[in-house]
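Novice: Each protein sequence line maps, in turn, to chains D and E.
Per our numbering, the first sequence starts with residue 1, numbered consecutively.
Per our numbering, the second sequence starts with residue 1, numbered consecutively.
I should point out that these hints are in silico values taken from the structure, not numbers from a laboratory.
Just so we're clear, the structure is a prediction, and the values are computed from it rather than from any experiment.
The beta carbon of each residue, even a glycine, is placed where N, CA and C say it ideally should be.
Hints should not be assumed to be uniformly reliable.
[Unchecked claim] Covered stretches of chain D, going by a simulated chain E footprint (3 or more residues, C-beta under 8 Å):
1. 10-16
2. 61-67
[What the hints assert, rightly or not] Computed list of chain E residues with no C-beta within reach of chain D, every gap over 12 Å:
3. 4
4. 28
5. 41
6. 44
7. 64
8. 69
9. 94
10. 108
[What the hints assert, rightly or not] Only some residues are given here: those of chain D computed to face chain E with a beta carbon under 8 Å:
11. 19
12. 22
13. 32
14. 34
15. 76
16. 90
17. 95
18. 96
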Amino acid sequence: AQRVTQPEKLLSVFKGAPVELKCNYSYSGSPELFWYVQYSRQRLQLLLRHISRESIKGFTADLNKGETSFHLKKPFAQEEDSAMYYCAPLGGGGNKLTFGTGTQLKVEL
Amino acid sequence: DVKVTQSSRYLVKRTGEKVFLECVQDMDHENMFWYRQDPGLGLRLIYFSYDVKMKEKGDIPEGYSVSREKKERFSLILESASTNQTSMYLCASSFFGQGKGQPQHFGDGTRLSIL
């Protein structure tokens, strides 16, 4: 069974500081990974997926197969980035996602 | 824009009751999912369905069942509600990926309290 680990429950940074939300996974085969975000009082939504190799709201995530990591990064945190972030590898058929326990990002002024 | 609608935002039921949570999507998605979301545990998959009348167990199916009679609707049933089923329940849907992952689209959630 695949597993995903988000080691930090809460990450607090100051506005303008770099952000790195950690995600490590265990998966046999070629994983496909996603980051989802849930802002306060909003529904969970897709932030980005590794195969797209795109930057969304200034966030990027690189799949490191050697370290089995998919960390989410942003060079300069903004107040509106405060949210709960979930890492989710895909697998198991039927497009099943396995969600991590989530990291609450708090950006302080 | 994809719309996933869950019938109730808040629901309060008593132990032993049979509880129905409804979810409807309007994008003709093949896949539909039910999760529960608990602090410190993230999202855990209860059941999913990849076609009408098809269902598969997720990671925590005990105490739950599902029904998918129409493509757009996926119901979660708590056969005999217990207090440990108090949680936020999220419904999601996605296209079938054919080997390529498709993003899931989520509803607003139903916060269920079992007294």
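Novice: Evaluate each hint against the coordinates.
Specialist: Verification of the hints:
no., hint, verdict
1, 10-16, "violated (count 0)"
2, 61-67, "violated (count 0)"
3, 4, "8 Å, violated"
4, 28, "15 Å, holds"
5, 41, "6 Å, violated"
6, 44, "8 Å, violated"
7, 64, "16 Å, holds"
8, 69, "19 Å, holds"
9, 94, "5 Å, violated"
10, 108, "5 Å, violated"
11, 19, "19 Å, violated"
12, 22, "14 Å, violated"
13, 32, "4 Å, holds"
14, 34, "7 Å, holds"
15, 76, "26 Å, violated"
16, 90, "4 Å, holds"
17, 95, "5 Å, holds"
18, 96, "6 Å, holds"
Hints 1, 2, 3, 5, 6, 9, 10, 11, 12, 15 from the list above are not met by this structure, while the remaining hints are.
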